[in-house]
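Colleague: Listed below, chain by chain, are the residues.
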Amino acid sequence: MATLSMPAVSTAPVATSSLTLAEIGPGWVRCQEVTAVGIDSIRLRRLGICPGRLVELVGRGDPMILNVSGTRIGLSRQLASFVQVEPVAGSAPASPR
Amino acid sequence: MNQPSAFAERTAASPPPPSTVLLVGNPNVGKTSLFNALAGLRAKTANYPGITVDLREAVLPVAAVDDDSRCQATSDICLIDLPGLYSLDPASPEEEIAARRISGQLGGIADCVVVVVDATNMARTLVLASEILELNLPTVVAVNLIDAAESRGIQVQTDRLSERLGCPVVAVSARTGRGLAELRESIYQVVKPTKPVLPIARASCVAGCTGCPYAARFDWADGVAGASTQQGESHGVQLEWLDRWLTSRWVGLVALLAVMFSVFFLIFSLADIPMSVIETCFGWAGDRIGDLLPHQPLNRLLWFPIAAASSLAVAAGAFKLNETRWTPVSGTLVVLVSVLIGLMPLEDFRSLVIEGVIGGIAGVVVFLPQICILFFFITLLEDSGYMARGAFVMERIMRRVGLPGKAFVPMLSAHACAIPGIMAARTIETWRDRLVTILVLPLLTCSARLPVYVMVAALLFGDSPAKAALMFAGAYLLGLIAALSTAFVLKKTVVRGEASPMILELPRYRLPSLRNAWFTMLDRAFVFLRQAGSTILLISVVLWALATYPKLPESQDYSSDLTRAQASLEYSYAGRAGRLVEPVFAPLGFDWKIDVGIISSFAAREVLVSTLSIVYGLGEEGADDARGLVETLRDQTAADGSPVFSTATCFSLLVFFVLAMQCLPTQVVTKRETGSWKWAILQFVYMTMLAYVAALVVYQTLAAAGYDQIT
Chain H
60 MATLSMPAVS TAPVATSSLT LAEIGPGWVR CQEVTAVGID SIRLRRLGIC PGRLVELVGR
120 GDPMILNVSG TRIGLSRQLA SFVQVEPVAG SAPASPR
Chain L
20 MNQPSAFAER TAASPPPPST VLLVGNPNVG KTSLFNALAG LRAKTANYPG ITVDLREAVL
80 PVAAVDDDSR CQATSDICLI DLPGLYSLDP ASPEEEIAAR RISGQLGGIA DCVVVVVDAT
140 NMARTLVLAS EILELNLPTV VAVNLIDAAE SRGIQVQTDR LSERLGCPVV AVSARTGRGL
200 AELRESIYQV VKPTKPVLPI ARASCVAGCT GCPYAARFDW ADGVAGASTQ QGESHGVQLE
260 WLDRWLTSRW VGLVALLAVM FSVFFLIFSL ADIPMSVIET CFGWAGDRIG DLLPHQPLNR
320 LLWFPIAAAS SLAVAAGAFK LNETRWTPVS GTLVVLVSVL IGLMPLEDFR SLVIEGVIGG
380 IAGVVVFLPQ ICILFFFITL LEDSGYMARG AFVMERIMRR VGLPGKAFVP MLSAHACAIP
440 GIMAARTIET WRDRLVTILV LPLLTCSARL PVYVMVAALL FGDSPAKAAL MFAGAYLLGL
500 IAALSTAFVL KKTVVRGEAS PMILELPRYR LPSLRNAWFT MLDRAFVFLR QAGSTILLIS
560 VVLWALATYP KLPESQDYSS DLTRAQASLE YSYAGRAGRL VEPVFAPLGF DWKIDVGIIS
620 SFAAREVLVS TLSIVYGLGE EGADDARGLV ETLRDQTAAD GSPVFSTATC FSLLVFFVLA
680 MQCLPTQVVT KRETGSWKWA ILQFVYMTML AYVAALVVYQ TLAAAGYDQI T
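These protein sequence lines are chains H and L, in that order. Going by this note's numbering, 153 is the number at position 94 of the first sequence; the sequence numbering is gapless. Going by this note's numbering, 649 is the number at position 630 of the second sequence; the sequence numbering is gapless.
Only chain H is shown next, with the shape it has when bound in the complex (with noise of 0.2 Å):
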């Protein structure tokens, strides 16, 4: 099953921009900083939205699915909008189109 593999962690990120979670489209994007604060910041985290980690977009809208580490999540924008990401280039080689 596709989603359930990772991109390999090589990629090397594009160039460093301040988009966040809310903006971008379908694909697989890598976590910078997460914004948030006290429990919201936890909430995030433990499922995986942390610095350095890899996410992939997986439907848009509000809320919006990603999947992290093989499992659907499903995000509302207001807390999408306090995560930092950089694009992944050439997109994750696993991962299907």
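Note that these hints are calculated values from the structure, not bench results. Hints are not guaranteed to be accurate.
Unchecked claim - Partial selection, computed: residues in chain L whose CB lies under 10 Å from chain H: (1) Ala110; (2) Val146; (3) Glu182; (4) Ala235; (5) Ser519.
Backbone N, C-alpha and C fix where the C-beta goes; we use that ideal spot for every residue, glycine too.
Dock chain L against chain H, hints included.
Modeller: Leaving out everything else, chain L in the frame of chain H:
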């Protein structure tokens, strides 16, 4: 909340205390299924004093798997099912309890921790395991859902995983029962009497991490999962397309409505027969006990100890059920009441037993089949992974009024009965969201309102089923709209703030286990019955006393038992209270007899029907014969000759019962779940005011249009 003493008592009670074994895991890894598979019928709810979270526990034997069963050594363990959690940093009251229980702050350090991980998703579910392993507790890792993983082509190498984690690892399937014996043996090896000292401290999984500890844990878990699992050819069913539809904005909503409708159709069609069986059984029990009680006044010296002792026994049973502790105050009160009951005239005692105790409990237990069916299907839907999609779809709508998407499951349950709905609100993480949900739940039409609706429908539209159906739909809709608008108003006033934004795991679809649904249903049914046997019993007895005392003066004669019953109700505290509040309810079109019905229906709403039947002189049996009651009610006229049950009054009564908080048992549960009477009182006050104002507007508008003269 520091209650270590209770645990000390618990463990000191029996000579060899069973070792405590905690079952820990992420939500959605099938932890409770595994608990049910191991514990079966031995499970019971453990109430820890001072916390509202119910933990389930079971004492069961674990044994070494040995060829020779004669020399098989066994050991008893107390297995505790902790609420699911994603990490030891809690984000909800339940998770906090779980985290404190694991760390030993609550109830002491456990003898063994079984961490349940999901074989289909090792990387993410191992994150919690890394946190637990760092606590250096004796740990066993159970890799659940192994059958689902294998059908997807995932091979888990438990020996390699065990090596990496430094603890025993067992592959299990709670659904098929595979690996359960091995799991029991692993637990046995950890807790067996000759247990060596704690295993050597494990190297910290995230040693040297300076950044986000979660990221380091996830990276570690990826490494471990990668080394111990192999992804082969997948044989599983691909459900991506289904998920796309079920989570889409419009199709998802339609699917959710269809699922909800089917569940309710099943509840109302399947519960019919068991409900009438329960009614018959209680009626039969009432008759039998009535026969058993002596008809002639006995020797007082002989009778007093029997009556007082049986009253004491019932009180002790209720205390045990509710796990209330005996204090000097409650003890004295129980003894005093028992003495009073012993001194009662025989006729009063008979009435107390048959009408107060048996009748009162029957009125609530009759809803048990609906609650059982509801929880059976909700558990199936939850296990299948659908419920999270429902919450996801509802989030878009509910967020606008300040409710979280997860509130939809409690709202679904509340349409059967508010009590299980309020208990289901525990799945909502944040306190604010949970509170708002609990406060608005009783506005949703529960099945105890249905007999009242049926009566009003018969009064208004006896000859037109279509109009009656429309009236029913309108009443349901009114309750729903009132609940959503109240949530919105609460968001702006008492419970300020937005619903906390959603981050929700959408678990994989999987085949639910009937066995697990069955055990969960039994557990819920027991919680409900415990409520009925204690709190509801008390409320029934108090309301019985209000409707019975003071007794009519002996001197008067009555033409029949019926007129006597009517007169004695009028003379009682309940009747006097009805008279007292008559001016308050007069603008709503209610006379004092309806007010008596409203007061007595605090035990359960449907009591209104039987009370009206008594006050209007039909007797208890009149309530069973809807036609008879309706005809009698139609013929009632006020002093000026206008009908009592005019169209305006009927609609006013309907609106009042849709919106009013006419249910003391619900109030008790609200208090228990919110931890304070404050919220129960707020709930009562706002609902009663809302009901009063709405009924007032309805009555006055219809009366102005001339509908107060016609029926």
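Colleague: Take the hints in turn and mark each one as holding or not.
Modeller: Cross-check of the supplied hints:
1. Hint status for Ala110/L relative to chain H: holds, with the closest Cβ pair at about 5 Å, below 10 Å.
2. With its C-beta approaching chain H no nearer than about 7 Å, Val146/L sits inside the 10 Å limit, and its interface hint holds.
3. The beta carbon of Glu182/L is not positioned within 10 Å of any beta carbon in chain H (closest approach about 22 Å), and the interface hint is therefore violated.
4. Interface restraint check for Ala235/L: the shortest CB-CB distance to chain H comes to about 9 Å, inside 10 Å, so the restraint holds.
5. Interface restraint check: Ser519/L against chain H, minimum CB-CB distance 7 Å, threshold 10 Å, status holds.
In this structure, the one hint that does not hold is number 3.
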